[in-house]
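For this one, chain H is given, so just place chain A on it according to the hints.
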Amino acid sequence: MKGMALMSEETNRQKPGDPMEVWEQWYEAASKGWSNSTNGNAGKTSSPNPFSLYRTWLQGVTRAMEQSQQGTGNPLELWKRWFEATADSWRKAVEISNMGGDSLGLMKQWLDMMDAARAGLLAGMTLPIAPFTFFKQWYDATNETLSAAIGDVIGSDKFMEVSSEFLNDYANLYALIRRTNEDYLHNLQLPTRTDIARVAELLINLEDKVDRIENQLEDVADDAGHGLSQLDDVQQRLAAVESLEQRVGQLEQRLNGIESKLDTLLAAIATLPTRTTEPVKVPSSSRRANRTADAQRQKSQKSQEAEAQAAS
Amino acid sequence: MNTHEGIDASISFEEALKKYKTGIEIIVEGARVNTGQTPKEVIWTKNKAKLYHYIPVVEKVAPVPILLIYALINRPYVLDLMPGNSLVEFLVSKGFDVYMLDWGTPGDEDKNLSFEHYVLDYIPQAAKKVLKCAHAQEFTLLGYCMGGTMSAMYAALFPGKPLKNLILLTAPIDFTPENMGLFGVWTSEKYLNPDLLAEAYGNVPGELIDVGNRMLKPVTNYIGTYVTMWDRILQDKPMDTWLAMSKWVNDGVPFPGAAFRQWIREFYQQNKLVKGEIKLRGRTVNLANITCPVLSIAGTKDHICTVPQAEALMQLISSQDKEFYVINAGHVGLLTGSDAKKTLWPKILNWLQPRSQIAQS
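Order-wise, the sequence lines are chains H and A.
Oh and the first sequence: position 93 is 93 in our numbering, straight run, nothing missing.
Oh and the second sequence: position 284 is 284 in our numbering, straight run, nothing missing.
Derived by calculation from the structure, the hints in this document are not laboratory data.
It cannot be assumed that every hint is accurate.
[To be verified] If we take Cβ atoms under 8 Å as the criterion, some of the chain A residues that face chain H in the derived model are: (1) 107; (2) 109; (3) 185; (4) 186; (5) 195; (6) 196; (7) 197; (8) 218; (9) 219; (10) 223; (11) 247; (12) 251; (13) 351.
[To be verified] DMTMM-like cross-link-like pairs, simulated, lysine to aspartate or glutamate; straight-line CA separation at most 25 Å: (14) 209(H) <-> 116(A); (15) 46(A) <-> 219(H); (16) 46(A) <-> 152(H).
Glycine included, every Cβ here is placed at the ideal spot set by N, Cα and C.
Bound-form chain H, shown alone:
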């Protein structure tokens, strides 16, 4: 507060002028005020002064601006000086943090990244002409180093302990708020999410039952369909057997007809006078008929012989 008062007093005494000068004066006053308030009567600085980082950066920027106004710096030189100024300030920050302990190693890794970016950008010797292009070049130059640095951090036990604690605390807080809201709405006789979820569960259970019934009906239909298809098979086979039987019957009739014709032929052949002594070859059916005729002739001959013997 003293520092702020000092600052306002000093600026009020100043006439309006160069904004950088005003800013630098405000900064000096605030820095003094910080030192006084933290050190008190001890005399020695025991805690890092956050303004020292900014002081170094501001000095670098001031130098760069003076040079550009004098026309002595080309744009590339300006970039180099900007990097130097910024890198110097970060290097000092690393030294300061080493005193206090950079537990995650972030400051050092940030410095490595800055050095890598400076080397990459300046080696390219091109100046971006659009804000995004500059950002993309910066990203391409720093991406890998930054990813590696963050990867080391998020995989460390220290980070995990902090994250785990945060996650658990947040979950507990969320659960507490949820329970409180549920109780509040319950007291107001208003439905809560739990009530709606309970009704939805009942609907889901009902749907499950309908599903089970549907599955069983489908199984029955499948079985019935399977049975029907088997019945169809049987009926088809029966029909096939019947038609076979009919065809066999027709074949038998035809065969009987052929046999009778053959018998007629044989009988006709048998009554014809024979001109050769060779026996006439007749088919088996006719042979059967001839055998029958022969048997009858033999019978009649025997009966005639018997009658003749009896007469004599």
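Chain A in isolation, oriented as in the chain H frame:
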């Protein structure tokens, strides 16, 4: 004309403003693009889950249909991202009969859904519907990420017919901490208590899961993504694929509490699957029961399912016909994009064709 430095000096102020406006709109309003455009019909529903049948566009050449199973986090339309960049569209165009089981968005009433429900109820019933719709006796099961893990468990519990083939894309099987990278640290019993999260949230918010996935590569996921976006806008490159991927990445769904508990406790922390100690409704999941042809694919740049995590399956199954295939890609890059069209898609096609009774012309 655009130069490699981003914006040419000759571009007008209005055009530059327009480009920046486009980028700001995407950041503020999110990616607005149509995804999952391959024509499909719903043939079955159960609770929030829907079973889709993709309408055939050519004559069916394979009598064995394919059932796609995705994870319980994020949405399955990554398998059908956009026309020209869709595994589903590709398979349909090659004459396969394709089905997908979309788990839907769990509500508070679904916080008790566990792997017992998904593996023993949802997948078998979906398979039955697929066979009925396709008039088939057998089917191919294709699982991606956690869906692959669930598919492997289903194959172990229901070996033989009607399961004909099993394809697993970046499916984690072995959860040995040394093989898991950062996930091995974050999910250890020392730091992550899944019971506490499941009790507090009911269903674990998709945003929490998303942060976990993004934190594997925070610079790339939180900054690099938008650097790419701006680069493409300012150089007038096509934005469709970027928009579709951005929409999918930001489209997480809640993870049912009971399943979350199981996933972290029994898989990540106790690694029970490879030990044969996972039990679903008293039935032990023994991966050695898998005897069907298996194709398992992993990506060398995959930080969510590393190669050793997926490869472990090959030592555990009893299949004679099995293949482990590694692609130089990440978890999602393996599935979509120009490289996927040259590597993953033809690989799946060439592996499936002789195993799906392709009709001889």
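Evaluation of the provided hints:
For residue 107(A), the interface hint holds, the least distance from its beta-carbon to any beta-carbon of chain H being 6 Å, beneath 8 Å. Evaluation of the residue 109(A) hint against chain H yields a held restraint, the C-beta minimum of about 4 Å falling below 8 Å. Taken as an interface hint, residue 185(A) checks out: its beta carbon lies about 6 Å from the nearest beta carbon of chain H, inside 8 Å. The interface hint given for residue 186(A) is met, as the beta carbon of that residue sits about 7 Å from the closest beta carbon of chain H, less than 8 Å.
Interface hint at residue 195(A): violated, since its Cβ lies 10 Å from the closest Cβ of chain H, which is beyond the 8 Å cut-off. Hint on residue 196(A) holds. Least Cβ distance to chain H is approximately 5 Å, under the 8 Å limit. Hint status for residue 197(A): holds, given a least beta-carbon distance of 5 Å to chain H, under 8 Å. Contact between residue 218(A) and chain H, as hinted, is supported at the beta carbon level, the nearest pair being about 6 Å apart and thus within 8 Å.
With its C-beta approaching chain H no nearer than about 4 Å, residue 219(A) sits inside the 8 Å limit, and its interface hint holds. Interface restraint check for residue 223(A): the shortest CB-CB distance to chain H comes to about 7 Å, inside 8 Å, so the restraint holds. For residue 247(A), the suggested interface contact is broken, since its CB lies about 23 Å from the closest CB of chain H, more than 8 Å. Because the beta carbon of residue 251(A) sits about 22 Å from the nearest beta carbon in chain H, more than 8 Å, this interface hint is broken.
The interface hint given for residue 351(A) is violated, since its Cβ lies 32 Å from the closest Cβ of chain H, which is over the 8 Å cut-off. Between residue 209(H) and residue 116(A) the CA atoms are separated by roughly 18 Å; this keeps the pair inside 25 Å, and the hint holds. At most 25 Å may separate the alpha-carbon atoms for a hinted pair to count; residue 46(A) and residue 219(H) meet this at roughly 18 Å. Restraint check for residue 46(A) and residue 152(H): the C-alpha separation of about 45 Å exceeds 25 Å, so the hint is violated.
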